[in-house]
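Residue numbers (the numbering used here), protein chains in the order written: chain A, 19 to 237; chain B, 14 to 270.
These are calculated hints, taken from the structure and not from any lab test.
Every residue gets a Cβ at the ideal spot worked out from N, C-alpha and C, and that includes glycine.
It is possible that part of the hints are untrue.
[Stated by the list, open to error] Covered by chain B, per the in silico footprint, the following chain A stretches (three or more residues, Cβ under 8 Å):
(1) 161–173
(2) 228–235
[Unchecked claim] So, partial list: chain B residues that the calculated Cβ filter (under 7 Å) puts toward chain A:
(3) 21
(4) 22
(5) 26
(6) 135
(7) 221
[To be verified] Now the in silico label distances, taken between C-beta atoms and shown as ranges:
(8) A:175 / B:190: 44 to 52 Å
(9) A:193 / B:208: 52 to 60 Å
(10) B:48 / A:65: 48 to 56 Å
(11) B:49 / A:54: 50 to 58 Å
(12) A:175 / B:124: 25 to 33 Å
(13) A:122 / B:103: 25 to 33 Å
(14) A:153 / B:246: 54 to 62 Å
(15) B:208 / A:168: 46 to 54 Å
(16) A:162 / B:246: 46 to 54 Å
(17) A:162 / B:197: 26 to 34 Å
(18) A:162 / B:124: 52 to 60 Å
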Amino acid sequence: MKSSRSLAEFVSLKSPICVLSLIVAVLSGSVAQADTRGEQLYRNCTICHGPDAEGIPLQLAPALSGLSEKYIIEQLKKFKGGIRGKHHEDVAGLRMLPLAQTLASDEDIQAVASHIVAQASSQVETSLEGGDATKGQALYAVCQACHGPDGKGNDLLNAPSLVNQHDWYQLTQLKNFKSGVRGTNPQDITGAQMRPMSMILADEQAMKDVIAYIQTLSK
Amino acid sequence: MFDFLDRFMPGILEWQLPRASEYALQIDVLFDIITILVGFWFVLVLGFFFYLIFRYRHRPGQKAQYITGETHKQKQAIEIPHLLILACDVMIIVPTFLVWYNVKIDIPPADEEVRIVSQQWAWTFHHAGPNGMLGDDDDIISVNELHLKKDRQYTYHLESRDVMHSFSVPVFRLKQDAIPGRVISGHFKPIMAGEWDIQCAEMCGIAHGIMAARVFIETEEEHNAWLAANTPAGAASEFIATNELKISEEKEDRNNG
Numbered sequence: 019m020k021s022s023r024s025l026a027e028f029v030s031l032k033s034p035i036c037v038l039s040l041i042v043a044v045l046s047g048s049v050a051q052a053d054t055r056g057e058q059l060y061r062n063c064t065i066c067h068g069p070d071a072e073g074i075p076l077q078l079a080p081a082l083s084g085l086s087e088k089y090i091i092e093q094l095k096k097f098k099g100g101i102r103g104k105h106h107e108d109v110a111g112l113r114m115l116p117l118a119q120t121l122a123s124d125e126d127i128q129a130v131a132s133h134i135v136a137q138a139s140s141q142v143e144t145s146l147e148g149g150d151a152t153k154g155q156a157l158y159a160v161c162q163a164c165h166g167p168d169g170k171g172n173d174l175l176n177a178p179s180l181v182n183q184h185d186w187y188q189l190t191q192l193k194n195f196k197s198g199v200r201g202t203n204p205q206d207i208t209g210a211q212m213r214p215m216s217m218i219l220a221d222e223q224a225m226k227d228v229i230a231y232i233q234t235l236s237k
Numbered sequence: 014m015f016d017f018l019d020r021f022m023p024g025i026l027e028w029q030l031p032r033a034s035e036y037a038l039q040i041d042v043l044f045d046i047i048t049i050l051v052g053f054w055f056v057l058v059l060g061f062f063f064y065l066i067f068r069y070r071h072r073p074g075q076k077a078q079y080i081t082g083e084t085h086k087q088k089q090a091i092e093i094p095h096l097l098i099l100a101c102d103v104m105i106i107v108p109t110f111l112v113w114y115n116v117k118i119d120i121p122p123a124d125e126e127v128r129i130v131s132q133q134w135a136w137t138f139h140h141a142g143p144n145g146m147l148g149d150d151d152d153i154i155s156v157n158e159l160h161l162k163k164d165r166q167y168t169y170h171l172e173s174r175d176v177m178h179s180f181s182v183p184v185f186r187l188k189q190d191a192i193p194g195r196v197i198s199g200h201f202k203p204i205m206a207g208e209w210d211i212q213c214a215e216m217c218g219i220a221h222g223i224m225a226a227r228v229f230i231e232t233e234e235e236h237n238a239w240l241a242a243n244t245p246a247g248a249a250s251e252f253i254a255t256n257e258l259k260i261s262e263e264k265e266d267r268n269n270g
């Protein structure tokens with residue numbers, strides 16, 4: 019009898035605290051519910067790709083938010099299988115290689131890709147100088163067959179979107195394709211498609227020109 | 014000396030990991046010496062401490078005494094253990110310096126060389142190709158795979174592309190920091206064939222914990238087969254052509270001579 023009375027006294031005395039605790043518990047429960055598997059997995063990516071998947075130049079990490087779900091899944095599988103990012107000169111790829119291993123299953127890859135495509139894509143800062151967009155437009159005529167006139171890519175042709183992507187990243191990847199750092203693994207079928215296309219760009223200036231034009235497509 | 018001492022040591026580390034490099038035995042013996050001496054004092058001091066707690070426990074009518082340690086006998090209680098611990102320190106320091114010298118300072122003439130480049134979060138290994146020279150076109154470069162010949166003396170050259178890493182091969186008992194801007198050379202001699210772990214041992218970023226690689230210690234035949242399978246195509250044909258030219262020149266010299 020005594021114990022039940024003291025419990026009742028305790029509850030009445032601490033009732034504001036009890037109510038507050040209950041509210042906090044309910045709120046945290048709803049937050050946990052919203053915290054999807056993809057969001058949880060993406061926390062490992064934020065340190066390099068940023069919380070909104072906008073990419074961080076200092077970490078050599080590209081923007082992901084403008085890419086299609088299919089392309090992200092394909093690339094994650096390539097990194098996980100050592101098909102991409104295993105060349106000794108691919109400094110950024112070698113960073114991504116072990117982190118892709120943290121995605122244990124196809125479901126995890128799907129979840130994180132779904133989370134990334136849900137992020138809004140926006141224009142990123144340009145950092146390259148000396149590119150001529152007018153010359154680049156002429157060079158882009160070849161690229162648009164796969165990447166589209168608006169640069170938004172075409173999943174049916176395995177071509178990623180190029181808009182709202184960092185220019186320094188595009189230059190690095192074009193150089194990687196051209197030098198064989200990327201696209202030379204026999205299992206990298208789509209990389210092998212891009213590699214001969216990169217050869218069309220004669221030198222670094224041509225790459226900068228076409229990138230300058232691509233940047234004008236970003237919004 | 015270490016081979017002799019090893020006969021009397023328990024080999025605590027070897028229970029957990031085999032010794033795959035020549036100097037692993039020295040590290041293990043040193044580890045055993047330190048563990049035994051420190052363990053001895055740990056048990057002795059704790060035992061004595063608990064004995065005193067029990068022996069001089071609270072009793073009715075017994076007052077605590079404040080001992081200032083001024084008599085000769087009281088001083089001896091400190092001085093004798095102090096001298097004994099100093100003697101143990103010497104027994105640890107002498108083999109420590111010897112092992113340090115053998116492992117880190119005295120680099121023996123190399124049979125083979127390997128370049129190791131660390132970066133966030135991968136290891137790149139540059140192996141000398143069929144011509145045995147490091148730093149030319151026939152080098153075999155692999156990511157996260159180090160291939161070594163058993164019973165050959167290696168000198169390694171360790172670099173970092175970005176931040177500090179540490180090249181740790183537990184079966185070699187080797188751990189060496191990689192520092193950006195520096196090339197740090199060291200040595201090892203693999204003595205046990207097999208496939209073992211390499212792990213970064215310096216916190217280097219988010220994927221430090223999975224910055225792992227494998228070391229493959231192979232017999233001469235296995236290593237040559239690996240070399241043949243992985244030598245860059247152009248470099249291999251160039252090497253064969255050069256050697257064939259040398260052989261034909263030697264034959265010609267012999268015939269002319």
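Looking back at the hints listed earlier, which ones does the structure fail to meet?
1, 2, 3, 4, 5, 7, 9, 10, 12, 13, 14, 16 and 17
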